[in-house]
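Chains as they are written, first to last, in this note's numbering: chain A, 1084 to 1696; chain B, 1084 to 1696; chain C, 3 to 362; chain D, 3 to 362.
FYI, nobody ran anything at the bench for these hints, they're computed from the structure.
Each hint should be verified, as a subset may be incorrect.
[What the hints assert, rightly or not] Taking lysine to any residue and the SDA-like style, the derived pairs with C-alpha atoms no more than 20 Å apart in a straight line are:
{"hint": "1", "chain 1": "D", "residue 1": "LYS260", "chain 2": "C", "residue 2": "GLU338"}
{"hint": "2", "chain 1": "A", "residue 1": "LYS1230", "chain 2": "A", "residue 2": "GLN1288"}
{"hint": "3", "chain 1": "C", "residue 1": "LYS28", "chain 2": "C", "residue 2": "ALA46"}
{"hint": "4", "chain 1": "D", "residue 1": "LYS28", "chain 2": "D", "residue 2": "LEU17"}
{"hint": "5", "chain 1": "D", "residue 1": "LYS234", "chain 2": "D", "residue 2": "LYS260"}
{"hint": "6", "chain 1": "D", "residue 1": "LYS341", "chain 2": "A", "residue 2": "PRO1339"}
{"hint": "7", "chain 1": "B", "residue 1": "LYS1240", "chain 2": "D", "residue 2": "LYS260"}
{"hint": "8", "chain 1": "D", "residue 1": "LYS198", "chain 2": "D", "residue 2": "PHE168"}
{"hint": "9", "chain 1": "A", "residue 1": "LYS1646", "chain 2": "B", "residue 2": "LEU1666"}
{"hint": "10", "chain 1": "D", "residue 1": "LYS161", "chain 2": "C", "residue 2": "ALA340"}
{"hint": "11", "chain 1": "B", "residue 1": "LYS1272", "chain 2": "D", "residue 2": "PHE168"}
{"hint": "12", "chain 1": "A", "residue 1": "LYS1359", "chain 2": "D", "residue 2": "LYS198"}
{"hint": "13", "chain 1": "B", "residue 1": "LYS1476", "chain 2": "B", "residue 2": "PRO1312"}
[Stated by the list, open to error] Okay, the calculated beta carbon distance ranges per label pair:
{"hint": "14", "chain 1": "A", "residue 1": "GLY1515", "chain 2": "C", "residue 2": "GLN267", "range": "55 to 61 Å"}
{"hint": "15", "chain 1": "C", "residue 1": "GLN247", "chain 2": "D", "residue 2": "ARG16", "range": "45 to 51 Å"}
{"hint": "16", "chain 1": "C", "residue 1": "ASP348", "chain 2": "B", "residue 2": "ASP1684", "range": "43 to 49 Å"}
{"hint": "17", "chain 1": "B", "residue 1": "PRO1526", "chain 2": "C", "residue 2": "LYS341", "range": "50 to 56 Å"}
{"hint": "18", "chain 1": "B", "residue 1": "ASP1684", "chain 2": "D", "residue 2": "GLU235", "range": "54 to 60 Å"}
{"hint": "19", "chain 1": "A", "residue 1": "GLY1540", "chain 2": "D", "residue 2": "THR201", "range": "25 to 31 Å"}
{"hint": "20", "chain 1": "A", "residue 1": "GLU1263", "chain 2": "D", "residue 2": "ARG16", "range": "49 to 55 Å"}
{"hint": "21", "chain 1": "D", "residue 1": "GLU23", "chain 2": "A", "residue 2": "ARG1527", "range": "37 to 43 Å"}
[As the list claims (entries may be wrong)] Below, a sample of chain D positions facing chain B; criterion: calculated Cβ distance under 10 Å:
{"hint": "22", "residue": "THR32"}
{"hint": "23", "residue": "ASP33"}
{"hint": "24", "residue": "ARG37"}
{"hint": "25", "residue": "GLY116"}
{"hint": "26", "residue": "SER165"}
{"hint": "27", "residue": "PRO167"}
{"hint": "28", "residue": "SER314"}
{"hint": "29", "residue": "HIS315"}
{"hint": "30", "residue": "LYS341"}
{"hint": "31", "residue": "ALA342"}
{"hint": "32", "residue": "GLY345"}
What you are looking at is a predicted structure, and each value in this text was computed from that prediction instead of being measured.
For each residue, glycine too, the CB sits at the ideal point set by N, CA and C.
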Amino acid sequence: MGKQVQQLDRVIIRFAGDSGDGMQLTGDRFTQETATFGNDLSTLPNFPAEIRAPAGTLPGVSSFQVHFADHDILTPGDAPDVLVAMNPAALQANLDDLPRGADVIVNTDEFTRRNLAKVGYETNPVEDGSLDAYQVHALPLTSMTVKALDGHEISKKDAERAKNMFALGLLSWLYARPAEGTLDFLQAKFARHPEIMKANVTAFQAGWNFGETTEAFSVQYEVMPATLPAGTYRNITGNTALAYGLIAASQLSGLPLFLGSYPITPASDILHELAKRKPFGVRTFQAEDEIAGIGAALGAAFGGALGVTTTSGPGMTLKGETISLAAAVELPLVICDVQRAGPSTGMPTKTEQADLLQALFGRSGECPLPVIASATPADCFDTAIEATRIALKYRTPVILLSDGYLANGSEPWRLPDVAGLPDLRVAFAQQGEAPFQPYRRDPRTLARPWAIPGTAGLEHRISGIERANGSGNISYDADNHERMVRLRQAKVDGIAHDIPPVKVDDPDGDARLLVLGWGSTYGSIGAAVRRVRLGGGKVAQAHLRHLSPFPANLGDVLSGYEKVLVPEINLGQLTLLLRGLSLADVIPYNRVRGQPFHAADLVYVIQEMISHV
Amino acid sequence: MGKQVQQLDRVIIRFAGDSGDGMQLTGDRFTQETATFGNDLSTLPNFPAEIRAPAGTLPGVSSFQVHFADHDILTPGDAPDVLVAMNPAALQANLDDLPRGADVIVNTDEFTRRNLAKVGYETNPVEDGSLDAYQVHALPLTSMTVKALDGHEISKKDAERAKNMFALGLLSWLYARPAEGTLDFLQAKFARHPEIMKANVTAFQAGWNFGETTEAFSVQYEVMPATLPAGTYRNITGNTALAYGLIAASQLSGLPLFLGSYPITPASDILHELAKRKPFGVRTFQAEDEIAGIGAALGAAFGGALGVTTTSGPGMTLKGETISLAAAVELPLVICDVQRAGPSTGMPTKTEQADLLQALFGRSGECPLPVIASATPADCFDTAIEATRIALKYRTPVILLSDGYLANGSEPWRLPDVAGLPDLRVAFAQQGEAPFQPYRRDPRTLARPWAIPGTAGLEHRISGIERANGSGNISYDADNHERMVRLRQAKVDGIAHDIPPVKVDDPDGDARLLVLGWGSTYGSIGAAVRRVRLGGGKVAQAHLRHLSPFPANLGDVLSGYEKVLVPEINLGQLTLLLRGLSLADVIPYNRVRGQPFHAADLVYVIQEMISHV
Amino acid sequence: MSEAEHDQRPASLRLVPSTEERLAAKDFKTDQDVRWCPGCGDYAILAAFQAFMPELDVPRENVVVISGIGCSSRFPHYMDTYGFHSIHGRAPAIATGLAVSRPDLSVWVITGDGDGLSIGGNHLIHALRRNVNIKILLFNNRIYGLTKGQYSPTSEQGKITKSTPFGSIDAPFNPVSLALGADATFVARSVDSDRKHLTGVLRAAADHEGAAFIEIYQNCPIFNDDAFAPLKEPASRDDRLVRLQHGEPVRFGAGRTKGLRFSAQGSLEVVEVPGSAAPDDPVSRGTLVHDVQRDDPSYAFALSRLDSEGFSHTPIGVFRKVERPSYDALMATQIELAKAGQGIDDLGTLLASGDTWQIG
Amino acid sequence: MSEAEHDQRPASLRLVPSTEERLAAKDFKTDQDVRWCPGCGDYAILAAFQAFMPELDVPRENVVVISGIGCSSRFPHYMDTYGFHSIHGRAPAIATGLAVSRPDLSVWVITGDGDGLSIGGNHLIHALRRNVNIKILLFNNRIYGLTKGQYSPTSEQGKITKSTPFGSIDAPFNPVSLALGADATFVARSVDSDRKHLTGVLRAAADHEGAAFIEIYQNCPIFNDDAFAPLKEPASRDDRLVRLQHGEPVRFGAGRTKGLRFSAQGSLEVVEVPGSAAPDDPVSRGTLVHDVQRDDPSYAFALSRLDSEGFSHTPIGVFRKVERPSYDALMATQIELAKAGQGIDDLGTLLASGDTWQIG
Ligand SMILES: Cc1ncc(C[n+]2csc(CCOP(=O)(O)OP(=O)(O)O)c2C)c(N)n1
Ligand SMILES: Cc1ncc(C[n+]2csc(CCOP(=O)(O)OP(=O)(O)O)c2C)c(N)n1
Ligand code: SF4
Ligand code: SF4
Ligand SMILES: [Mg+2]
Ligand SMILES: [Mg+2]
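Just chain A, with the same shape it has in the complex (with noise of 0.2 Å):
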């Protein structure tokens, strides 16, 4: 007999398992499976930076946290409904997020002796009474799914590694999830291993059953669809997404889109999907490092290419020196820094903001550069045609921010109509009256002819020594140098007037605290602002997608409000810019913990201070 089931408007959930669980994968499909089933969602993916820690150790742990709802949400929430956990470093790394009277899964079979000593339960606390205050469902998940299996042809090993799909396979049951698009999966990821396959499926649905069965789940729970717009819908990483933008900018353009680039987390995967895309003419270079990586960019460029070069934090330190040149010879280029923490190596998988005043400074001498950032894993699709744009129109290296929260976390896309995407097409220089000035300059852009090699009289030499403007020649003229340092700096403010002005979201218009921020934060205060409304309070919101040059309105709009709050992963950064930019006395709110941020604690902030206008 079917059981009672029960509405909700959201749910959190988080898997957590040693990180040979297959946590990540187990989140990834639970995810599919909502995201087609229409709820809006958000992930965030959280995993150890080796590749392997010890078994069972609290390093090992690697957690996958997904939030859905009947309504559009903006972060992957702050605190699990419900947590899965695969074994006891797994429950201890976890059990401070979640609330009182959350859902516990604890899978006993891993509850040993040995087991708990390596994390220093002493007992065990499913049985000790430590997690009286939740509701624990103690299964043994393992032994479960090898029961299930028997009579299978895998050896015990794999039938044990099973386990993860018998525990996707309940939670699918629990809440009411659509589970074709996993069986799909599943047969297609082991088309090559026909028995570890079957062993799956027969897990996922040994789940499913255990959870349609037992008595120890009354109630199956039901999130409604979210009512999006109207459209085509996927689910997509910001690594994804950056990806795809650049190719769909290659197209856009008609340039071929050249990637020099270097492996680093968090933003190898955007070189790996780039990879795969060499049926749209894309040319991925592994290069030796980082600078040869933006260096081969940079070559391909001269040539005409859409050149792009993808890294983080301390690879971006290595080509300050190369994009440096690039500002200095005035060609297109699209840096992108997928964020990590810092300083040094730091934590490689975990996020931050900590590069804003890197990416505007991290070179010797005057050179101002646009800079803009991601603010939602999808956004990572806009801007990264935004940058080509400012990139090819003003020939000019453009930096774009991502960071580790929106490379890997995901969202809901709707799918863009492509013919509504813009134009990019540039035009090279042409043959006019020699002898050609390969520094003379578009009066509107400021920007220089982009003249490639294989055009007939156009012949020219670039270098990174000052050169004179108009010629290009070598130049040590006073005159000609300070004109060249501030024709750059002009040429990069003048982007100010071809960006939107900023929006501010202010729904009465009587809000005396404005919110600004930039970047991933995006969801995070967003969801925060809606919940001080919700409590009744004021307060208005902004954020920031373009940081060099800010937009022409940022100015008025600060001194439009009594309070500025600007929260940043850092330490104040975007702060000291607006500082400067407008004297405003604007109020930094920082937490830098490799994580974003919890929005309880930005409502909290935002609270104490529409108190204190």
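Fit chains B, C and D with the ligands to the given chain A structure using the hints.
This is chains B, C and D with the ligands only, laid out in the frame that chain A set:
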């Protein structure tokens, strides 16, 4: 019969010729004579980036300006009273800087049709009246030299090359300089080529005698010694002073000096000077690149040496990632950036102040570091010691900013009393209670222990990956990361209480305008302020040595004045920092010409502003 | 160890103190859990290295292990000595600064095929050229492990990886050839799974004055499993592995009946020699007797070319070990001479050097 | 040039257009005054290069010269083609990106011993390993010229320079050995003062598909004058210069009576052979006949070791020239195949790939 002697209080002479004419040497010698004579002085060498541009062309012109006086002076001066032009290119390249009425000594032998053509003179300016505004002394310096040398057993070429000594002799007579120093110098320099030596000596004397006897010069000038504080003086360039400062710091700390460096203009001479100093136990390592240079210095620091690296803008960018590592492992390191005109290769032999923001922010993540800057050539000595003091005491990399003008410019330096120099001795960690905590911090300085290999019981591992405060073990803990980020910031901020407050020079204490500078603009700002005051203008001056952290009283100082003018040889980098710090609406004044400010320009701006406060 | 014994030490360790009482492998283990995947070849190398340490006879505090970034570069955290887990590719540069300024230390560099040959290639060849007294262990798993499986400069051409879904198109480096081309004075190769062999090579490296380069074939079960299987399978092993022993005729193959001879063109060819044949025995005349001390690296280079992607014949052991004063020794000598010499060595005198004048 | 003729071109230039009418050296001169010191060897190299250009038979607009920083790297400013005077050491990386994306160009890299072997060493060896279709000219004057005279990675040990007043202590690279150790497919050496020889080497490099490395001994009269004097003095020249000619027996010395033979240890030894001796003549049997195409680089490597600081025997010419598909060619092929294949090549389809769902 002796000639009439005229007293002057100050003179500015510029020697200009082809790169091959030995103008730098001539200027150096004249400077030495002037120094030993006891004048105060300031010099400005100016040479092309090429080793040798084609003879007789404008890019080939090399010049040396010396300003000397009977009172203390601060700059090499804006406009020469005397120009020595060894060829047409030298005349053309420097004429614009000459005030009407200035003396111009031209070497007519070089004013051939061919040489005139090379710089586009259709007629000979010496004859066509275009120099009527000046006091022209047209002399066949080359042929006079050759004549004076006939009988000497040297080639015609060598004879001609001695013409710079003839010119030096003439000028030495004209300004009654003591000649012994130069004669000794020539003896030493050409010891191995006695014929050349004799020839140069003869040429020098011939020039001197020519001045004494010819009608061409009716008067001899005299500039009395300046009344400087009592002491032993020498003339010194910024690069030499910086090298000496590092050696002093090594002696004062008792730590062996290890320099890891890669040659780059204008920093190379520091490497050259230190390479000579092996008797002090100085180890210099010419690395394969800038990254290896700082890497080796950091390795040496790990081993307990005073690790130093020296470079200029582009090299500084390359070092960023390793600087970030040094900040993460919290080891002492001194990083000297002798700034030059950028971006990219820019103008290697020209000066600029545009690496300030790179020094502060040119690294990924939150990576705060102490940054200090030298104000004058001699000040490079003191700042090298101060940089070392901070690095050793706080166990942090420290960035010392010099620039091309300080590096090659010179001034008289009153030798410090060695006994009076600060004590920089450090205590390495000693075995204490186990386990050793490599990141346990000194509560006052927040510095961690410096435990060097070879110390039994303190074996430990350091890493660029985030470390647990205390144990130093790898940690991905969110709270620990935030703690470490803030601790690193607090450590640097805390230094503000360990440095002198900004001193403001405001004679009557009633100025309403403050001129605030940093680095090598000290001289030109000082000179301008003086002139304004002579004209009755009220203006206060302050100059920053410490740029990160700022002195604790800086905010108050800024708010103490109605207007604050910040002149910089960049587009306003300090300005941004000051606005960020204090929200004071400081007013930038920026020239970016690859040259020091002209005091005259500053005088104008200051007077303008005074008239508007 | 007695004074006398101490003086018996190889030049490379003459300035390094020796231990009071003999240490054990466990003395070199730290309390950090080892964070490599199950089955990773790095475990075996770590075990061999820790077991070798007592034999090195240097106090723990005088041993320094410096690494870059990569799975392999985690190594220092597991060695209870001084350690520096630095940044990607820069370990040889950092180690150079330390070795040059601290001759009393035994400095070891741990790097990977990406860390040491990709981003760090330049520092590596320069350290070898300079003959700095550091010992470099390059863990070659022919893959980027830590970043989860991109191809490396030692991956075979055509390799399918995350970053080369259509197969890699660049020819790999032969690390031994590269090191020889860079004028390295000590070049060797070993295998993670052969503890005895690896230990022997470590000993030889430690005894060498100057830079020692050791390529270690290391299996990465996760991203490049069995990359070196042909050299490990008992069946094929003996035919493929050419074990080099200084002073011994080169013999390999089941029954050790194969030898090597130079062709007139200077390439090495494999020839059959009756197993028993002594070096001077006519039948084996002309076949190689291994000599690591040949001044001309051409011999060692030719050996390195025997190696082929298919591992048809893969020499392991020490290829080259020649005497050349180390960079740090030469630096130390220059300093001593300079200090003993006439040059200025007093600060006051230095400051007052050149033309000075008095005022007042 | 006719279609037919065009197809006769070497693979390296097959995709590069040929000129309508023949150009002259002067067509490649720019209006910039050349800024090298009087007597600098760079002048001769520039002249030889400009004179060779017409022979290359590529339109000016399809020739690109890319350099780093150094006196030598000023080169592009004097070539009336496309040019990129970039930053220190990075020219090979920049050239790689250009060559890989533009097979219709003839790409030349100009570098120095500091630019190419010190800061740029890693990019150089990786470009050679990958066999990217670029031609690299390394001007080796064994000194840092532009920065006014510090020693370089090719300076002889003990050299007194601004940065080594007590003499340098590191052993130099042998650039040819290094390139061979990096698996370069084309390696050659020439001398600034021998225009004819240099031109021949340039031709051979241009014809080679893939990366060509040419070391050019270049005199710096200002900071390292006569560094190569022994190879230039008529007296000693013939005894020291070993001119390599593919297919010819190696002969040198006055009367060309000297030849080379491999010892049983794989080193080359100099032997006397009667001048007239043909390769197969008994007396000369066993002496080398030069063959640039040997797959095993051991031969070329052994030749490179003949070279010694004293220039006792210095081979010049092409050491090695073997066929291996170039990196850019392989990349182009992969792209073509991929485009022809089934993979997604439509943007809309790409965006909609994976699981999608409809709303509304
Ligand atoms: C400057 C920089 N670039 C890139 C990375 C990312 N990264 C870390 S390890 C590594 C390669 C590791 O490969 P290898 O050296 O072979 O070590 P393995 O993991 O295989 O032992 C890369 C590319 C980094 N940490 N720093
Ligand atoms: C990043 C960087 N580091 C250092 C320099 C300074 N620098 C310019 S050229 C050069 C070396 C030149 O030597 P080489 O490559 O042999 O060229 P040469 O002048 O001898 O022809 C150096 C160190 C620089 N321009 N950029
Ligand atoms: S990824 Fe490979 S190399 Fe890295 S730890 Fe795992 S098995 Fe070892
Ligand atoms: S310094 Fe040497 S290499 Fe440079 S231009 Fe002058 S002579 Fe040529
Ligand atoms: Mg590896
Ligand atoms: Mg050179």
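Going down the list of hints, with the structure as the test:
no. : hint                               : verdict
1   : LYS260/D <-> GLU338/C              : 46 Å, violated
2   : LYS1230/A <-> GLN1288/A            : 13 Å, holds
3   : LYS28/C <-> ALA46/C                : 15 Å, holds
4   : LYS28/D <-> LEU17/D                : 25 Å, violated
5   : LYS234/D <-> LYS260/D              : 19 Å, holds
6   : LYS341/D <-> PRO1339/A             : 13 Å, holds
7   : LYS1240/B <-> LYS260/D             : 44 Å, violated
8   : LYS198/D <-> PHE168/D              : 39 Å, violated
9   : LYS1646/A <-> LEU1666/B            : 15 Å, holds
10  : LYS161/D <-> ALA340/C              : 17 Å, holds
11  : LYS1272/B <-> PHE168/D             : 19 Å, holds
12  : LYS1359/A <-> LYS198/D             : 48 Å, violated
13  : LYS1476/B <-> PRO1312/B            : 32 Å, violated
14  : GLY1515/A <-> GLN267/C: 55 to 61 Å : 58 Å, holds
15  : GLN247/C <-> ARG16/D: 45 to 51 Å   : 50 Å, holds
16  : ASP348/C <-> ASP1684/B: 43 to 49 Å : 45 Å, holds
17  : PRO1526/B <-> LYS341/C: 50 to 56 Å : 40 Å, violated
18  : ASP1684/B <-> GLU235/D: 54 to 60 Å : 58 Å, holds
19  : GLY1540/A <-> THR201/D: 25 to 31 Å : 28 Å, holds
20  : GLU1263/A <-> ARG16/D: 49 to 55 Å  : 52 Å, holds
21  : GLU23/D <-> ARG1527/A: 37 to 43 Å  : 40 Å, holds
22  : THR32                              : 14 Å, violated
23  : ASP33                              : 13 Å, violated
24  : ARG37                              : 4 Å, holds
25  : GLY116                             : 8 Å, holds
26  : SER165                             : 5 Å, holds
27  : PRO167                             : 5 Å, holds
28  : SER314                             : 28 Å, violated
29  : HIS315                             : 29 Å, violated
30  : LYS341                             : 37 Å, violated
31  : ALA342                             : 42 Å, violated
32  : GLY345                             : 35 Å, violated
Going down the numbered hints, you'll see the structure goes against 1, 4, 7, 8, 12, 13, 17, 22, 23, 28, 29, 30, 31 and 32, while the others check out.
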